[in-house]
Structures are given as C-alpha cells and as structure tokens.
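A.B. asks: Protein chains in written order, with this note's numbering: chain A, 1 to 581; chain B, 582 to 993; chain C, 994 to 1436; chain D, 1437 to 1609; chain E, 1610 to 1842.
The set of hints was computed from the structure by calculation and includes no laboratory data. Among the hints, erroneous ones may be present.
List of simulated lysine-lysine pairs, DSBU-like, C-alpha gap at most 35 Å [stated by the list, open to error]:
1. K1444/D - K834/B
2. K1517/D - K1444/D
3. K1729/E - K920/B
4. K608/B - K1444/D
5. K995/C - K1639/E
6. K65/A - K920/B
7. K773/B - K1469/D
8. K652/B - K1481/D
9. K1581/D - K1446/D
10. K1639/E - K773/B
11. K1729/E - K1775/E
12. K1469/D - K920/B
13. K296/A - K1775/E
14. K773/B - K1674/E
15. K1581/D - K608/B
16. K773/B - K1367/C
17. K1085/C - K1729/E
18. K1674/E - K995/C
19. K1639/E - K1367/C
20. K168/A - K1775/E
21. K192/A - K159/A
22. K773/B - K1470/D
23. K162/A - K920/B
24. K296/A - K1729/E
25. K1469/D - K652/B
26. K608/B - K1367/C
27. K1729/E - K168/A
28. K773/B - K1444/D
29. K834/B - K1481/D
Computed from a predicted structure; not experimentally measured.
In case you want the letters, here they are:
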Amino acid sequence: MAEETKPAAAAPPKPAPPPGPPPPKNPGMVTFTIDGREAVVKPGTNIIEAAASVGVSIPYYCWHKRLSIAANCRMCLVEMSNAPGGKLMPACQMTAAEGVAVKTDSPKVKDQQRATLEFLLVNHPVDCPICDQSGECKLQDYYFQYDTTASRLDVPKVKLGKRVPLGKLVVLDQERCILCTRCVRFMSEVRKNPQLGVDARGNHSVITTAPGQPLDDRYSGNVVDLCPVGALTSTDFRFRGRVWFLSSARSICTGCARGCNVFLDYMRDGTYRYRPRENDQVNQEWMCDEGRLSYKPFNDGRVLESRVGKARASRAAAVAEAASRLRTHAGQGTLAWLASPAASLEDLLAAALVARDGLELAEVYVGGQGDGWQDDFLRRADQNPNRAGLAMVARAFGLAVKPASDLAAAVAEGKVKAVWAVGADLATPELAAKLARAEALVVQAVNECELAAAATVLLPASPAPESDGTFVNFEGRPQRFELAYWPRGESLPHWGLCAEVGRALGLSSRWSSARQVYEDLGRRVAGDLPGFQWSSLPSIDRRKGLVPLAAGTVDGRLPGHRERMPLDGNGNVEWSRLPNP
Amino acid sequence: MAKESDNLLVVPPVPAESPLDAPFPSKRMLVNLGPSHPAMHGTVRAVVELDGETIHGMKLDIGFLHRGFEKTCENVTWTQVFPYTDRLNYVSSIMNNVGYAMAVEKLCGLQIPERAQYLRVITSELHRMCDHFTLVSAMGLELGAMTVLIYGMEARDLIWDRLTELCGARLTSNYARVGGVSRDVPEGWGEKVERTLDRAAEMADEIDRLLTRNRIVIDRTRGTGVISRADAIDYGFTGPCLRASGEPYDVRKASPYLVYDRLDFDVPVGTNGDNFDRYLMRMEELKQSDRIVRQCFAQMQPGAIASDDPRFVLPPKPEVYGTIEGAMAHFKIIMEGIKVPAGEAYAYVEAANGELGFYAVSDGGGRPYKLGVRAPGWNMLMALPQIMEGHMLADLIPTFDTVNMIGGEVEQ
Amino acid sequence: MKRFVGMWLVIGAVLVGLVGLFAAFYALAALGARGAVALGFPGFFGSAIVNAVTLMAVTLMTVAALLTVAERKWSAAMQDRIGANRILVLGKFPLGGVPYLLADALKMLTKESIYPAARSKFLFELAPVLAFSPTFALFAVVPVGPEVRALGQTVGMWVANPDAGLLWIFALAGLSVYGTTLAGWASNSRVGMLGAVRASAQMISYEVSLGLSLVGVMIAYRTVNLQAMAIAQGVEVLGPVPALGLLLQPLGFLVFFTSSFAETKRAPFDLPEGESEIVGYFLEYSGMKFGLLFLAEFVEVVILAAVTTAVFLGGWHPVLFEGWLKAHLDPLAFGAVCAASFLAKVILLTWLQLVIRWLLPRFRYDQIQGLCWKLLLPGALVNVFVTAAAVLVDPSLQVLAWIGVVEIVAIFGITMAVSKPKAAHGGHDHGDAHGHAAHAAGH
Amino acid sequence: MSQAALQKLKERFPDAVTETYAGKGGDDVALVKKEAIAEVCRFLKEDPEMLFDMAPYITAADYMGSEPRFDVVYQMYSTKKNHRIRLRVGVPESDPVLASVTPIWKGANWYERYCWDMYGIRFEGHPDPRRLYMYEEFVGHPLRKDYSLRGRQPLVPERTVDEPFRGPGPTGG
Amino acid sequence: MPYQIDNRPADTRESLYFPEIFRAIGLVVKTFWRNAFFSRDPNTDILERDRSSNRVTTLQYPEEKAPYPAGYRGLHRLVPRPDGSPRCVACYMCATACPAQCIYIEAAEVEGDPIEKYPKQFVIDELRCVVCGFCVEACPKDAIRMDTGEHPAPTYAREGQIYDLKRLLRGPPVSYEKDPWLVRPSRLTDAALKADRAAARPYGTQGTDEYTQTPGFSVRELAAEAKARGEAK
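Isolated chain A (complex conformation):
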C-alpha cells in the first residue's frame, strides 16, 4: 500500500527488433508480451495460464485446466497481434507464440467483456438473495470487476426450471446456468460417464440428464464445485449458510485411506462442507460424493460429555476413574489397547506411549471401519484414513498388531478383562457387542456408537477439525490437516485425553498441542516419513471466491455468536480452562 504512487520502474528502452522472424529469445521456451509485460512460457501454454504467470488475470467461465477447451463463454477474448483481421481471440484456446503481443485491457477487449457479461446476464434471474453461490460466484466477481453498467434489459427473462434435481447431491437451476458445459465435460472426460448433456437450442438450452436417468455418478458432487455460477448447487449444503461467513481450513478427507486433500469450510464450531483441494499426487482436485459427506459425524451424534457407567461425570473424574480401572489390570495381561485407524498420527503416538509406558502393553488391536467399495479413480476400500500411520506407530513402539476380532475372541475367552479403546469405530456391531462384555471398557469416542454406549468409562474425543494432526494415507504419504475450530463441549483430541490418562497413570505427559506431541514423539516414526516436516502445510490460497470474512464481523465473531472458548492473550485456547473442573 505504501507503493501506490511510487513510479513504476521504468522499462529499459528496447532495442529495435531485427528484421525477419526473430530467433526465440529463450530457446526451448516461448517469449511474448502481455499488456507490455514479457512472459516466458513453455510452448503450448495457453494465454490464460501464461498471463497468470506474469500476474495478468483474464476472466473466463468455461475453461478449466483439467478439462478440454470449449471456448464457449467468450469471456476470455483478448487482442492478439497475430490474430487475423484484428479479431479478438479466446485466450483459453490460443497458445502463446513467439513474439506475439497480447492485450487484455484494450478498449476493444473491455467492450467485449462488457458485452459478454451483459449477454450472460440477460436471462439471469435476480437470484443473488437465494443463491448459494453468491459470494463465490464468478458472475458477481466479473460483473463488478469488468462491467458495473446498469441493466438495459427491456425484454422478459426466459423462464426455465428453477429447481431441477439432477441427482441425490446435485440440484440444477436452469435459469442461472450460463451453459459453459464444464459439468458436461467433467462427466464425459474425467468420469468417462457422460450422464450430463445440453438439451435444446438457443434460449431453451438446458443442462440435463438422459430422461429417467438421474445423475447418480459417485463423483457427481464435483460438478457443483466446477459450476462457475449458481446453477448447480449441492443439496447437502443448500441454504445452510452463506459462503462469506465460512472460513476454510486445509484438511484431509477422513472418508477413506486415499486421504483426499480438502478445504474444510466451517463456521463457529460446525463443519459446513468439504471442497476438494488441489493436490496432483493424491486427488488432483476431485473427491467422491461419499467423502464429501463424511464430515457429518463431526457435527452430529457427538459425545460431548464424559460418562462413568451411564452417569455423567466431569472429565477429570472420568479420567481418574479410567486410570484407576486400567491400572488394576495393567501388567496382569488382562488389559488390551484397541486403537482406531481413524485417529491421527499424533493421537496414536500419544496413546502408544501411554499404552507402552503407562500400561505396560506390548500389543495393539486395530479397530476401525470395515471395508467399503473401491474403484480405480480415488476411492479406497479401506475407510479409515490412517491405517498406515497406525502400523508405523505400532512398529515404532514395538507393539504387535492384531485385528480387533482377536480382541473380541480374547474378551469372550476371559483372557482380556479390560479394554482401552482409543477411537470407537468398529467394523460390525457384533464386534462391539463382544467387546462390551469386558469388565472394564474405557472408551475415547468421537461419536455415539455401540461401543460408546457400552463403555464403563466414556471420554469425549474430538475429530479432525478440532485439532491439528497428520494422516498417513495408504501409500504411506503423510498429510497434515489443520485446526479449524476449538473442541466442542468437554471433548479433547485423543492426544489430549491420552495425556490426561497418562498423567493419571503417573506419566509426565503434558502436551498442550498436537505439535508438541509430534515434537516429543515424532522422531520415533520419522524414519517412515522421509522428508516430512510437521509444520509445512502446502501454502495454497485458503479460499476460492470471496477473500475476506473470517467472517465479516467486528471481532471475528459471527452474527449471533456468543463467546464460548477460554482464550489466552494470544488468542490460543487455554486448555487448562476448558469446561471441566
């Protein structure tokens, strides 16, 4: 901001170009100018990307770098010195050529942009108030950036279907659609499952599925993200919140072992949606519908209070109770540790330390969700995000890994009388019923489930968005996720609960953040995670669409929000002052 009026560095005077086709300035690369700035790109790069590389943004709707080029929105037209007859050329379709001068801000281009926007808006309904897209809508952005002229509309708008359910997850508003066909191309090119198409002509063109055929692809949710306007919206997120109130955290989908990178959009202490986050090695920028909905357990059916037996107890009392029950069985061979592969690496590290040092255990039983479906695109059969991480931790602490069914058998035989379950997910209810017969069942659970219901001591655990942590996906790739909001209710992340249990057992486990856990114990697994830096999250712009609004409010609070978390002077939560005595 300080530089606003500083004179721009004067460009050095250019030598007169030699006659004839000049040799490439940078061999192997293409050198050309955009708005007077010189750009050097690989051959074959289109103008939009080339322009972006030198900080010039060209508006576009239909172009997408992972889809084929349609050039049908006409928003990206630019002036190119090599265009025949001075025609405006679509920047998405044109590749950079040596020595070409591209102009993106000439009056002609500006006029064209205005004309295109006006055209796109002629039939657009006045739906901003009820449209979920407003706030991250490219029509709004570009209108405000490139047009801002008032309407000259003097004809009725075309009336089309307002609420056409395409599939379970996607609903279409045909009036808002600008027919960029990104969704159509996604279905046919990426999914190779061409369920969407454009029907009819002219004003009556609409996106549609084949008659009687719903959009039931298992990756259909991606078309919602792809849609640059509010035509395709998610039935799941529909009307639940306004996007400018949402903040995003970089997170990892917990739906399967793939570990798709996602933005976790949250408001206050609720998760509102997942949006895929770009990572070429893992998920490009897609995710499956099932994963997209896998945030729901973060909000619903949570265990938020500690229980001893069926009675509510303070967390401190419950931890003491749990420790005393576990202690009586420790070293007797009648105690078992059941770990969930849905817990993060830090959770498991902390738990393993307590299990080995505090409870003198030498084996770990692995619970977790049972297998689901798998395909050759993203989805893995293993529905737990951190099974590989669990294996690493077990190896690091020298614990034998056994399946949960063995534990059920041992409990049934009476060999194991006490179970400490870190994470309560089990493949089948029967397994839970078998475990429930244990004399002492200390469960740290995120959600209410059979095992939680059967627990003799139940401690509330927090899911991924309420802590930092790491998941190791099926390929052994460690992926960090970050804290979105503070733990709800009385809950703590597993590592926090393990720290308390460990302290009650006489260990000196005093971690106050996942980072500390990793710094403390991470070196044990570091050999398995070459090159992994705990603090390095890929730095990607956190939000698409709207920039500000963590959330449009004076003190960072949302409308109607009330203080809940005890924070210290730096805005960090004071764990010691969390609501428990």
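Fit chains B, C, D and E to the known structure of chain A by using the hints.
C.D. replies: For chains B, C, D and E alone, coordinates are given in the frame of chain A:
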C-alpha cells in the same frame, strides 16, 4: 509539561520574591477528580495536587472510555465504520461522518454531487451549533447557573429534532456515506430549519444576556485557563480554542472543502486565550453557523445526493430489486465492503472543536487497513496540566469545559 | 387565561388561609398564656411554648419542606419546564408537586445510611444535628406578628423577645458553621474537607459584613430588639411612607441580603457544595443525615428571609392599607393579617433567593472573599457612617429616608443603563440574518 | 500544495529523506529515515520557509510482513504558511525506537504515548513515556496486526498502590 | 475574514455586580411569570407551539408523545407478504451489513415454491443493535424496515429484547412497487393484490427516503407479462 515526569508529591515550593509572598508552608493534598465526577466529561481522571485551593500539579489519566475505535474499524467494512464515527464526538456526529467520508473519498478519488456537498455543510453546521450550545450551556451549568443549561438544551434539542427528521436519529445520525449522503431533505424541511434557527438564535441571545456581561462570569472566566497563542499552536490547538488565543486558523478558510469557499462567513478571533474568549468564540460561531446554513438553503439546487460510481456507492434500490446487475453490485459491496484503492490519505475538516482529521490507509481490501483519528480535543486536553498550573481548583472545571474535551473522540 | 385567574385564586386562597391559620395560632397562644397564668407562671411563658410549636415546628418546618418542592417547581418555571408532577394524588391530581414532599421524606428516611470507614464516629453523627439545630433556633426571636390582645391575654407571635434579638441571631448564625465544618472534617474525605474549609472561611467572613450591615439599622431604629424594630418600621416617615428598613437602608439591605445569601451557602455562594468541583462537605452523607444537612439549608433560607423581612421589609406590617385594616378589624384578626403578610413577605424573599440561586454562576473562593472584604465590608462601613451622620443630623429619620430614596434611584438608574462595547460590532447581532453586507464587502 | 517545501526538505536532507511523492488527493509525503527524524522535524519547525509550527498529528501503522514493519506518520501543518506535509518513518520491528519530537512540539506528547501504547514504538527522550489509554499492566500493543482480536488480558491481582498515579505497573514500580 | 470578538473586561458599572444581576433576574422573572401563570400549549411539535404566553417546551412523555418523523429509524419489522409470510428470503445481507452483529438468521427451503428460501429463524437482538439502519439499506428485498415509529419497549429481562420472527413480522405488507418475486403463481389474484396494497398504509406520514419514494420501475409490466406467459405455458 516538564513536570509531568516528576513525582507529584515532591514538587518543590515555588520560590518567592519577598518573605511575605512566600507560600504558607503547608502539606499538599492529592485529590482524584474522576473518573466518575460530575464535571468530568466522559470519564477522565485528573489527579490534582492541591496547595489549599491552588493547583500545583495535575496529571490526566485517560482511557476509561477507550473502546478500541481503531481496532474495531480495522475489522469492519469501510461502510460499517460510519456508526462508529457517530460515537466519536457524540454531540456533533455528522461532522465525524463527513470527515471520515472525505478521507475515504480522497482515497477513492471520488467526487460527490453538489447537493450532497451542500447537505453535508448544512448538517455539519447544524451540528456545530448543537455542539456550541452544549458547550456554552454546560459551562453555565458547571459554573452553577442551571437555567442557562436548560435554555441551551432547549435550542440544541430543537436542532436535533430537525436532524432527526433528516437522518432518522437524534444523536447517532449516521448520515454521510462514501460518495454522498444517505437521504435527501424532507418536504418543507428547509423552512422548518430556518424557523428553528430563529428560535435557537433567540435562546442564544438569552444565554448571552444571562451570562456574558455578568461580572461573576467575567471574573470566573476572564484570565483563567489562559493559553498563549504560541503555546496553543505548539500544543496543536485547533478550532475555537486556537482562535480564542488569537490565531485565525480555520480549516474552512485555510483549505476550504465541500462548498465552504462559496459561502460568506467570518471567523471570529479572540485575544487572550482564556475561558472567557473561548466561551465568546462559541457564541460568535453560533451566529456564523446560522449564516452559513441560511446561505446553503438559498444556494442549494435539486440534484443527486450520492455519486453514481457503482464501485463505491450502492446501486439505487429499484435496480437492486429488479435487475440482476443491481443485485450483484449490491451484494458485492455489502459482502466484501467497498474496495477502496490501496493508499493512504489524511482528510481533515473543521469540526466543532477544531481540526478533525482521519488518516486512512487502505490495502485495497474491503476494510480499512488503518484508521487514525486526529481528535481535536486530544491536544487541548494534553495542554490542560500546563494551563491549570497555579490556578485554583474551581477554575479547573470551567476550563475543562471550554476546551471542550469530548471523551468519545479523545478516548476513541 | 384560565390558569392566570386560577393562579391568583390559589394565591388569594393561600393568603386567606394564612390569615385564618395565624388567627388560630394567636388563639392557641392566648390559650397557652391562660393556661400558664392558671398554673401560676407568667402569661408569655405559655404563649412562648405554644408559639414554639406552632411557629417553629409547624410553620417553619412546613415552609422549609415546601421549599424543596417549590425549588423544583419554581426553577422549572424559570427554565421553560414543568417540574415535578408525576406523583398523582388519587391517580389524577398532581397538586402542584406537593406530594413530593412526602415522597422525599419517605425516601430520605428509608434510604440506607452509608458510612465512610475512616470517619470520626461521634462527630460524623453529630454534625448534621449541629448544622440543623442552631439555624432552627434562630427563628425563636423572629417576630412574626404584633402583640395582640386575645382571650384576655396579651400575646405576641414570637417564641422569645429578648432585648438583644439581633445578637442572638449573630450568635446562632455563627454556631451553624460548626455543623458544616464538622461534617466535612469528620467524614475524612479530601473533597469533604475542602468543602468544610471553604464553608468555614466563607461563613466567618460574611458574618462580619452581615453584622456591620445591621449596624445601620440599629442606629436608625435605636434598638437591637427585633420586635421593636418591626414596630419602628410602621412609623410614617416621608408622608404616608413608613420607615421601612428598605427605604432607610437600601445599601444596608443589599449588603445584608448578599451576606445572608452567603450564610445560607446557596448559589452563587455555594462553594462549600460546589457540585461540579468538589461535591461538597456532605459528600459522604446519605439517608436522613444528608436530609438534615439538606433541610438545614432550606431552614436557613426561610429564616434569613424572615430576618430580612423583620429588619428591612417592615416586619409584620402589611404596609398597604395598614391604617384601614387596623381601624376596621378586630385586633386578633388584624394580628393574623399582619402575621400572614409577614409570611407572604418571607415567601416572596425565598422566591427571590431561589431565582438567584438558579440563575447565577458560582463565585470562586478568592472572589467570594474579595466580594466580602473589598465590596460588602466597605459598603457596610460607609452605610454605618452615613446612617450615623444622618441620624445625628436628623433624629426623625427624614434625612436618612431621603438618602435612601437617592440610593434607590441610583441603583435603579445604574441597572437600567446599558454598557455598550467600545468598537462597533455590527452585522453579527441576531435578527439581522441578511445584514452581513459589511462583511461581504470585506471579502 | 507544498511541493516547494518538499523540494527544500529533499535538498536539505538528501540522505535522510529517501523519497518524496504526492499521495492521494495531493498530499505531500516524504519518507524519512528514522535516525534523522528529530533533526528533520526541528528543521521543519524552525526554518523560515517551512515553519511547521503546529504540533503534528502523529500516528503509526503496522504493515506486518513487510520491512520495516511499522510506519510512523507525522501530519504537519504550518499556520504561518498554510501548508501541510506528511512525513513517514519506517520503524523496524527489531528496533522500534524513534527520537521523540516532544521537545520540539509540546503537542506531540500524547501522540507519542499513543504510539507506544498501541504499537509498541518507543520514543527516546520522551518526558513521560507511559501508556496513554491502557493500564500499565496491559500485555501487548493492541493495534498491532498480530494482536488477537478475541484474546483476553490476564487479570491484574489486587495489591497496594503506593504511587496513586502510575499504579503498580512495570514502569510505575 | 477574521474579526475580533468582544472580550472587554467588566467596566465599572458591571463590576458593581448588581446591575447585570438585576437585569438577568428581570429576564428570568419574566419567563417565570409567563410559565407559572399561563397555560402551556400542548402541541407535540415543539416548534409549532404558541410561545407568546407560555414558553414551556416540555412534553409530558407518556401522555404526550412527539410523533417520530417519517424517516425515523425505529424498531425493526419484517415486512410480510400479502399472504402473511415474510418477504425475507434469508439472504443474510442484513446480517452481513450489520456492524453490531445483532441479526441471526437460519434459512430453510420452501417446498414447491420458486421463492425457494425463507427464514426459519430470524432474530434481532435489540440490545446489541446500534440502530444504524444498514440492515434496511442492505436488504435486496425491501423485507426489513425500521418504519414502525416505535422503539423497543423496555423490558426487565434480556430475553425481552430478543425479537424473533414472530415479533418482527408485522405491519402492513407495503412494498416497493416492483417485486420480482411476485411472479410466482401466487395464491393471490392480481385484483386481490391490488386491493391489499391499496388497503395497506405505511406507518407515519409520507416517507422521504429513497425506499419509500422510489418511482415506478420499467420492468414492472414485464414481470406481469412473464407471469402471464408462464401461466399460458
């Protein structure tokens, strides 16, 4: 001010020329005036060291009303700042609105329509009158003359009634907007205002007759709270308090903004820089404001009341209700705030108590990156310990009043 | 117009009521005298006891208490307001705010008394009593009405009639300083202490001019007995004009009135209170103790108005139609009319005090001393010398009366003369909205 | 408005004045090195062609992430010449100390205290370097961009205060 | 042009104190006389009062209320549609524009209606409200107004200041002339709509702000046409 750093309790006795003038050896007394005290505007705390009734040291402790104005403004959109500026100098809120709007417009390079400029001047001057009425009547009150207070309040409230008709609220007017003002005048408002001005002038005349030539008032105010012209400038005094010291600096004349250069008004100037001059200054400025408002009504032409730049000004409601273009612009402005071009600007207006400046920094986003307020009362409050040195305790109160420190703006 | 007539009707009714009341008081005093005689005491003994109740406990306290309401209503009328009227009797009648009297008393009595921890315990309790009782006792020597023969007894409308009546007033007025000073000192508060110091300094200074201003009256009437003064003021001196203190001693009146104002510690002499500077000597008091201090002030207002009336405004003489009234009325009725007129004058004076109290700004500590020692005291001294000389020249007071007339005319003339600013200032007077041509030309 | 003054300043202090430019709306701005601020201010006040006699409005801004991090801004006005100038002084986070201009203008006093209070920029030679709004025990400087919006200040325990004005805070001692 | 104020010291006459004091007393006594002895003009518009005999400017508040001017920013209300449902579509613009964050909205979906969205919950915390009027300015539907000419009634408990949908939804269904959402196949005929609008009278007198005085909008007929066309289809 050199004494500021000294410990209050060990101020050495003033050396006397003759033994008879030597101060009576007495123990000094430390008295806390405020933060809750009937005469402390807002919640200022003054620690006064007294020798008998004479002030030998004084320290001011402010911050009891600090609301974090700047921090708050950095976290709301440019538009949402307006209600907060209302609460700076809460007696004359529109001048704060206008000052802030001008700072933002300076950043945006925005020209506002002429009618809006006239409306800003009219409302500013009306609020200046409110402020001055409050001051002179409150000075009466603090000297003990209750009747004067009520007369002043009567006039002020009549003006506030007119402003209510215009902007919908008595005190928190929230009237100016980036690019103009929020509303046009109601039917017949001008004529009503002129009648109100007549009444206000009548009340001012009565206050004048009750106070000005009364010897008790002259004794109490003349020669008390004196600040010399050089000192006043050195302390950064502006407005009536500076002019009372003899320096004819008035932002409206020195660097005319809005339409002040088209209006015919004069700047009264005092000589002594004492309470009496400051009081008289306000009485004179009441008359000048009266002139300005009447001239504005005579000159003002119908027209737009807000700029039509769609980047900064909300589109007209018909467009929002009826067209997608309007709705989108409306949404963009409200969701993200006005995108003020990056840069920094300092805009200043002549508020009731002096130069009110806003130093605004934008990073190109929808919210102020930094918003500093140069509140005129700050400098005058700063000088108070020096002004009061050696005066009597009873003079502190009228001086406090005539420098007219407003807690809202000084403590932000 | 209805209200205009109504107000006068109310005033008339009040006056008539007062006449009736005082007639009753005379009768009661006579009964008391008879009773005393019957018991073998002198008659005035009984009438004094009855008068102590009727005058001091009833009349004085009622007037002082009503003054708290009057202060609100009268100040409201001055300030374009309505004043206290939200307590409605039978849900309908505000009765001019009089019910506030009861509400205030109830409030004062039921409020919690808050004590500063470091007070002087005994003196803190004592101070309000000390402040209240001497002022209260001042009223004992004020002659409210003439001596009248009723029910076979000669009774006066006073509690006591000592020969040294004025000296009693000085003495007791001097005592009331203690209450104020102790209140400020005993509460162990710095601002309270400041108030107390101011109060004592101010009251002691003003007692000097208060006393000196009355010396002239003493010389003129050759007495310090208040009743004798009242009688002396009924004597005609300039034709039909009686020898009122106001006529003989306009300067003395001004000095006395000002000084008595200072004695009551009311604006513009309310430095001990100075609610915008130091909150006053009673800062730490609450509940009924504050109420006593507060009431003491009002009692003082009434009493000093009464003394002023007795000394300067002709005492109980109705002045107008006095001869006619005396000739045509029963002595007791005449006495009642006199007493009522005395009270009417007292009310008029308290009203004047209130007007001044709401109107004028407060002095500063040094200015108040300056006013006393530099203006009032010389004025009073001059007055004493002039009076003495005039009386020496003409014991029939004619010369003194003429001097008084001259003084009154001078005061009136000086008041009506208007000082003009030296430099012409034109164009800025109000009402001349378009008269800015001079300045316009200047641009 | 006062390009001449700006020119003169630049000529007089070629090293200290790193840059001059006309800001938004024609404000004249000079970037001044922090070591020279007192000298520059004294010149501005006393030079017969400058005469910026009115006490400046001093405020600061926190450009977190850029270097120098803080920017102390002086808005000056001359009643004699009726011109204005703005000085901007970059202050690094590592050494947030500036020379005080209170000895030059008395009116700079509270503004400098304000900058200390709100931004943690210290002014050397200031006669009364206390906080302005906040109490002495206040932790942090609220207008810094990294000061938490939703944070809580630690409670100050009750204790005896010997010096009634300063309080028991760290500088009150 | 600067001119000197008249700040001369007190001259001999004035320094006698009493002349100016007597004059001031005279002025006040005159006022006292008028106010005490003549009746008050009870006109609620103070400016219009007859001041020749009595100058009192008091309003006896609960009995006499000064009418709030047309543009007064009073208590909020949500404007109903003619059928009684809120016109609000829960777009959160008001909540976004509110500098005090006093508006809380929960949106829900309307089944089988092109409006699609309505506020299931709309709460204004009047204790947090700073009465700036930005919510009204921000509303793209003319659904929230501050034209009630009232202010929040005092309550003993905080809860009383929490205004929910039920308390907010009131007043006449006045409308900005053009309401594009009315193109939905309403249960209301055009005639009934017209009658409703004719019957509906805004609070207070004629408004002066741009919302109440917006001129007719050219797309109005077009919407009707579109509706007709939709029915024809």
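A.B. asks: Find the hints from earlier in the document that the structure breaks and name them by number, from lowest to highest.
C.D. replies: Hints 4, 7, 15, 16, 17, 22 and 28 contradicted; others consistent.
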